[in-house]
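J.: If you want the building blocks of each chain, they are given just below.
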Amino acid sequence: MSVAVAHPEKRKNLENSDVILSVRGLKKHFPINSGFLIQRQVGAVRAVDGISFDIYRGETLGLVGESGCGKSTAGRTILQLYKPTEGHVFFEGQDLAMLGPNAMRQMRRQMQIIFQDPFASLNPRMTVGNIISEPLAIHGLYPDKRERQEYVESLMQKVGLNPYFINRYPHEFSGGQRQRIGIARALALNPKFIVCDEPISALDVSIQAQVVNLLEDLQSELGLTYLFIAHDLSMVRHICDRVAVMYLGKIVEMGPTDEVYDNPLHPYTQALLSAVPVPDPASKESRQRIIISGDLPSPARPPLGCNFNTRCPVVFEYCYHEPDPEFIEATPRHFVACHRVTEV
Amino acid sequence: MGVLMDVRDLTVRFYTQEGTVYAVNNVSYTLNEGETLGIVGESGSGKSVHALAIMGLIPTPPGKIESGEVYFEGRNLVGLSNEQMRLVRGKEIAMIFQDPMTSLNPVLTIGTQITESLKLHEGMNTAQANKRAAELLDLVGIPDAHKRLKDYPHQFSGGMRQRVMIAIGLSCNPKLLIADEPTTALDVTIQAQILELVKSLKKEFNMAIIWITHDLGVVAELADTIQVMYAGSIVERGPTKVVFQDPRNAYTLGLMRSLPRMDGTRTRLTQIEGSPPDMRIPPKGDPFASRNPYATERCFEERPPLKPVEGSDPNHLAAAWYDLRAILKKERENV
Ligand SMILES: Nc1ncnc2c1ncn2[C@@H]1O[C@H](COP(=O)(O)OP(=O)(O)O)[C@@H](O)[C@H]1O
Ligand SMILES: Nc1ncnc2c1ncn2[C@@H]1O[C@H](COP(=O)(O)OP(=O)(O)O)[C@@H](O)[C@H]1O
Ligand SMILES: [Mg+2]
Ligand SMILES: [Mg+2]
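Line by line, the protein sequences are chains R and Z. The first sequence begins at 172 in the working numbering and counts up by one. The second sequence begins at 4 in the working numbering and counts up by one.
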């Protein structure tokens with residue numbers, strides 16, 4: 172676009188970052204029950220079906236994929252808001268499953284979540300001040316009323332809200348401002364790691380950039396690590412250092428963002444990226460679009476063999492058989508699970 | 004290409020307990036036969052209300068068309084009786100919505116819902132209508148079309164329901180299809196399927212399309228003409244390529260600049276400051292003035308008219324008291 176202004180390009184130096192969070196073989200299956208008085212399990216929704224990855228301190232890892240592929244469930248299970256069906260999450264080396272209730276409570280302060288819907292996620296009967304300070308109350312921090320208020324005001328300032336509005340209610344704020352309230356609340360306990368679950372999807376285009384810039388500023392100021400869940404692939408390219416592509420409960424491709432976007436290896440990633448409409452009418456003739464047909468299959472009945480075989484444009488005989496394709500490092504730091512890539 | 008629709012000075016308000024909502028303010032434009040018009044703007048900017056006004060679907064009260072005319076093939080639709088509008092809807096103009104469930108009847112089969120309009124508008128008998136309905140479902144890419152006529156809306160996925168809506172929309176060969184954010188709730192993969200479908204149908208049926216969206220990418224891909232709305236007014240309009248290259252309204256520019264770049268250069272996003280306007284405040288001056296870094300004094304006082312842009316395509320119109328081209332040129336020189 173000819174109207175872009177020049178800004179110095181910013182890139183993080185994550186070379187020497189250590190791993191802050193590790194996910195190993197994580198599964199979350201929701202039981203499907205049937206029966207009225209005596210419930211019995213007749214199946215399971217395999218929302219998250221065995222994912223493994225590391226997140227480095229200070230980075231933003233993107234998690235993308237179609238709705239229903241398990242992104243939110245992954246985020247919540249990592250934070251232990253859902254009990255994993257299988258697998259482990261390590262935060263700074265500690266296995267979260269091994270922590271007792273007290274230790275887990277302390278651990279929760281380190282890990283927070285920001286939700287998609289700033290309208291639904293804030294209690295309409297609480298003032299902004301109370302919403303932001305609720306986590307402080309739960310953890311018994313800042314017991315002094317004056318100090319707590321001062322701290323809340325400083326948080327409001329930090330996220331670009333006028334502290335003057337501390338006694339107002341959520342409905343008196345616009346969508347973008349409500350998302351700032353949600354961010355201030357997530358920051359209250361001074362966390363190290365934040366799951367951002369589609370934090371801009373419900374916002375207007377003109378407001379999305381404000382919130383993305385804020386998240387980036389806070390990251391560099393506070394050294395935060397993000398798991399950024401989104402379906403807007405162009406925003407993911409902008410904000411994420413690495414990206415993981417999820418399909419039907421599994422990660423099918425993962426790598427440095429530019430590498431995955433410029434050189435996608437999995438046919439699903441290729442289709443997903445080519446489906447993004449580009450805001451440049453000049454490029455429309457030159458684009459090659461890969462259309463995948465049909466919808467995401469139900470995670471209660473995933474296909475036999477490779478999960479993607481019902482929609483894959485380059486499917487071959489082998490893809491219908493077990494075992495599933497292995498997740499391999501195809502090029503340095505670029506992982507993919509596809510028989511085409513592995514076998515050919 | 005002849006003019007299909009001429010919207011003149013359309014103004015719609017809602018009289019609510021919280022005050023008067025100035026939803027659409029003096030909107031005027033023409034749409035040619037076979038033209039695809041993409042309308043963008045943030046939520047609450049009057050896109051849907053303007054479309055509903057064309058369709059004669061403004062809930063009255065609280066809503067009211069204050070003034071204006073909508074000439075469709077020379078006939079003013081504003082003021083037609085419900086009976087007359089029912090014949091226009093579906094036959095002349097079809098509309099599809101973001102959430103197909105709101106316009107599909109959950110207790111009737113898809114087949115019944117398509118054949119209903121074929122019988123009403125085209126005078127077909129049941130056998131003819133059934134045959135045509137299956138053809139239409141097939142055309143919009145629904146597998147096993149014939150069998151699926153017997154299914155109910157909830158048995159279709161979101162993307163498939165939107166295809167059904169398009170099939171119903173197309174059933175009577177309308178001259179204009181108005182699509183109000185039909186892909187906003189869908190995944191990009193499914194959106195891509197629908198966009199391809201619409202592009203091919205457009206060629207086949209040679210109908211005009213008004214595509215309402217907040218996604219500039221979709222407009223770039225689909226629309227011949229882009230129309231940007233802010234606070235119930237058109238602030239810029241013109242051939243899509245021209246407006247993308249040479250925006251003359253600060254809100255249009257702001258929208259374009261706030262998007263991340265797809266080429267991987269990670270420059271900080273240029274954000275639009277402030278919040279969307281309160282539509283209950285009667286428009287005074289340029290509604291974007293308070294968020295516009297280039298606003299002049301006049302912008303706060305007097306509403307700028309939508310008028311042809313100097314030194315651009317003759318169909319390029321913008322509402323601005325400032326000279327955005329000159330401002331940007333200066334900006335570039337100072338970098
Ligand atoms: N609490 C729940 N109980 C049962 N099924 C669920 C629950 N939460 C999510 N699911 C199912 O798990 C799958 C993944 O959902 P989700 O993680 O919300 O996906 P995403 O965030 O990628 O859209 C979906 O099929 C969804 O219906
Ligand atoms: N039935 C209604 N009653 C009151 N206000 C309405 C009604 N429908 C729309 N509005 C208001 O009209 C304005 C324009 O809305 P709309 O056309 O739906 O915006 P959008 O550009 O998002 O489609 C908004 O301020 C909206 O709140
Ligand atoms: Mg989700
Ligand atoms: Mg709307």
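Think of the hints as simulated: they come from the structure by calculation, not from any bench. Among these hints, one or two may not hold up.
Claimed, not checked - In silico PhoX-like links for lysine-lysine, alpha-carbon gap of 25 Å or less:
| # | chain 1 | residue 1 | chain 2 | residue 2 |
| --- | --- | --- | --- | --- |
| 1 | Z | K94 | Z | K122 |
| 2 | R | K183 | Z | K122 |
| 3 | Z | K94 | R | K455 |
| 4 | R | K329 | R | K183 |
| 5 | Z | K122 | R | K455 |
J.: Taking the hints in turn, state whether each one holds.
T.: Results of checking the hints against the structure:
no.: 1; hint: Z/K94 x Z/K122; verdict: holds (11 Å)
no.: 2; hint: R/K183 x Z/K122; verdict: violated (63 Å)
no.: 3; hint: Z/K94 x R/K455; verdict: violated (32 Å)
no.: 4; hint: R/K329 x R/K183; verdict: holds (22 Å)
no.: 5; hint: Z/K122 x R/K455; verdict: violated (40 Å)
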